[in-house]
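Enquirer: Please model the complete structure; the sequences and the hints are all you need to start from.
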Amino acid sequence: MDVTTLAAVEGNLATIGYGLAAIGPGIGLGILIGKTIEGMARQPEVSGQLRATMFIGVAFVEVLALLGLVTGFIF
Amino acid sequence: MGNLLAAVVSAEAADSGESKSYIERMFSSDGFHAPSITDFFPPALFGDGTIFEFNRIMMVRLIAAIALIVVFAIVAQRAKVVPGRFQASIEFLLDFVKDQIVEPVMGHEGKRFLPILTTIFLAIVFFNITGVIPFLNIASTSLIGLPIIMALWVYVLYLAHGVKKHGLGGYLKNSLFPPGVPKAIYLLLTPIEFLQVFILRPATLALRLAANMIAGHLLLVLCFSATQYFFFAASGAMKATGAVTFAAGFAFTLFEVFVALLQAYVFTMLAAVYLNMALEEEH
Chain A
821 MDVTTLAAVE GNLATIGYGL AAIGPGIGLG ILIGKTIEGM ARQPEVSGQL RATMFIGVAF
881 VEVLALLGLV TGFIF
Chain B
12 MGNLLAAVVS AEAADSGESK SYIERMFSSD GFHAPSITDF FPPALFGDGT IFEFNRIMMV
72 RLIAAIALIV VFAIVAQRAK VVPGRFQASI EFLLDFVKDQ IVEPVMGHEG KRFLPILTTI
132 FLAIVFFNIT GVIPFLNIAS TSLIGLPIIM ALWVYVLYLA HGVKKHGLGG YLKNSLFPPG
192 VPKAIYLLLT PIEFLQVFIL RPATLALRLA ANMIAGHLLL VLCFSATQYF FFAASGAMKA
252 TGAVTFAAGF AFTLFEVFVA LLQAYVFTML AAVYLNMALE EEH
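Protein sequence lines correspond, in order, to chains A and B. For the first sequence, position 27 (counting from the first letter as 1) is numbered 847 according to this note's numbering, and the numbering increases by one without interruption. For the second sequence, position 236 (counting from the first letter as 1) is numbered 247 according to this note's numbering, and the numbering increases by one without interruption.
Calculated directly from the structure, the hints in this document are not laboratory data. Being a predicted model, the structure only gives us computed values, none of them experimental. Any given hint could turn out to be false.
Claimed, not checked - What follows is a list of derived Cβ distance ranges for each label pair:
#1 A/I894 <-> B/I62: 46 to 56 Å
#2 A/S867 <-> B/F188: 32 to 42 Å
#3 B/I34 <-> A/G831: 29 to 39 Å
#4 B/A248 <-> A/R862: 47 to 57 Å
#5 A/V829 <-> B/L211: 28 to 38 Å
#6 B/F188 <-> A/T891: 30 to 40 Å
#7 A/I894 <-> B/Q207: 16 to 26 Å
To be verified - Restricting the straight-line Cα-Cα distance to at most 25 Å, the calculated cross-link-like pairs of lysine to aspartate or glutamate (DMTMM-like) are:
#8 B/K194 <-> B/E291
#9 B/K176 <-> B/E292
#10 B/K91 <-> B/E291
#11 A/K855 <-> B/E114
#12 B/K176 <-> B/E120
#13 B/K109 <-> A/E830
Think of the CB as a built atom: it goes at the ideal place given N, C-alpha and C, for glycine as much as any other residue.
Expert: Right, here's the structure in full:
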């Protein structure tokens, strides 16, 4: 064994990459959905509109995590 | 059960050449077969190597499309003023698109887009749901081709209606130069808006749908192939873990039904939002 190699990683680094890619969207979804619930609790009469807007936002945040999933397969 | 079979079949595909029957394979194990991306590229059924190559996933897509047409042809033919149970559930889907997607996003103006958006929604529901139907077991949208077609459809739709309403110059000005910012900011803003409107919107529409379905399928296969491994290869207390993954497989199957509907909802919702943005007056 090469003595200058102190640490080595075997296998596919993409596995770690997906974990990292999921952190940001995870936090984002938490804030997004939490705030929507807050808004719904304050004003139940607009909850339909809030829910629709939330799903649009969820779609934008979610795609970041999904990009992480896809790149794991590509690279 | 169908999923379990699919897991075994994919394990079979991983090391073909041995002559064991599916049943024999199902109750014995030669190690753990993790699901992989090769599951989405099954061998061709016929037309191998030509552009008409027909494989299992194409077959599933065909079945889903035929099911969609047949279901709606039957309901339309037997439509009654007082709907029966079957007709009522179909009408619920149609009403859902109208009341939950088109009306809140586009208002009364959206009425003329109701047919096309409903078609998009129902097509995606039917193509997604094949992922949890026993013996089909793969979402038709889990290969990127079909989502790209759907996304291009929406892309052409909103560009065409935007240009039709505002003219080419008016539409470009509307979407690339949002008003209310200092002139110098356009140096930054216009390229970003250009990327958004012409590349990122359709690309993310297609990717979101495909990646969701790929992840769902991998999750299900992982659960059921782990169950098979735990039951027939692991020893002692590890066998009991199989019961957990087996239950998890069923729970995730229900979750996948939810995801299939949710993704159809999100796709149609975004299509309506993009269409609305293209049609908006000067904002």
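Enquirer: Hint by hint, note whether the structure agrees.
Expert: For each hint, the structure was consulted:
Distance hint for A/I894 and B/I62: a CB-CB separation of about 24 Å, inconsistent with the stated range 46 to 56 Å. Between A/S867 and B/F188, the C-beta spacing of about 35 Å keeps the proposed range 32 to 42 Å intact. At roughly 34 Å, the beta-carbon separation of B/I34 and A/G831 lies within the given 29 to 39 Å, and the hint holds. The given range of 47 to 57 Å is respected by B/A248 and A/R862, whose C-beta atoms sit roughly 50 Å from each other.
Taking 28 to 38 Å as the suggested C-beta distance range, the pair A/V829 and B/L211 conforms, at roughly 33 Å. The hinted window of 30 to 40 Å between B/F188 and A/T891 holds, with their beta carbons roughly 33 Å apart. As the Cβ distance of A/I894 to B/Q207 is approximately 23 Å, the hint placing it in 16 to 26 Å holds. Using a Cα cut-off of 25 Å, the hinted pair B/K194 and B/E291 holds, with the two alpha carbons roughly 22 Å apart.
Restraint check for B/K176 and B/E292: satisfied, since their Cα atoms lie roughly 9 Å apart, inside the 25 Å limit. About 38 Å separates the Cα atoms of B/K91 and B/E291, which puts this hinted pair outside 25 Å; it is violated. In summary, the hint linking A/K855 to B/E114 is supported, as the alpha carbons are separated by about 24 Å, within the 25 Å threshold. For a cut-off of 25 Å, the pair hint linking B/K176 to B/E120 stands: about 13 Å separates their Cα positions.
Proposed proximity of B/K109 and A/E830 is contradicted: the alpha carbons are some 52 Å apart, above 25 Å.
The structure does not agree with the numbered hints 1, 10 and 13 stated previously, though it agrees with the rest.
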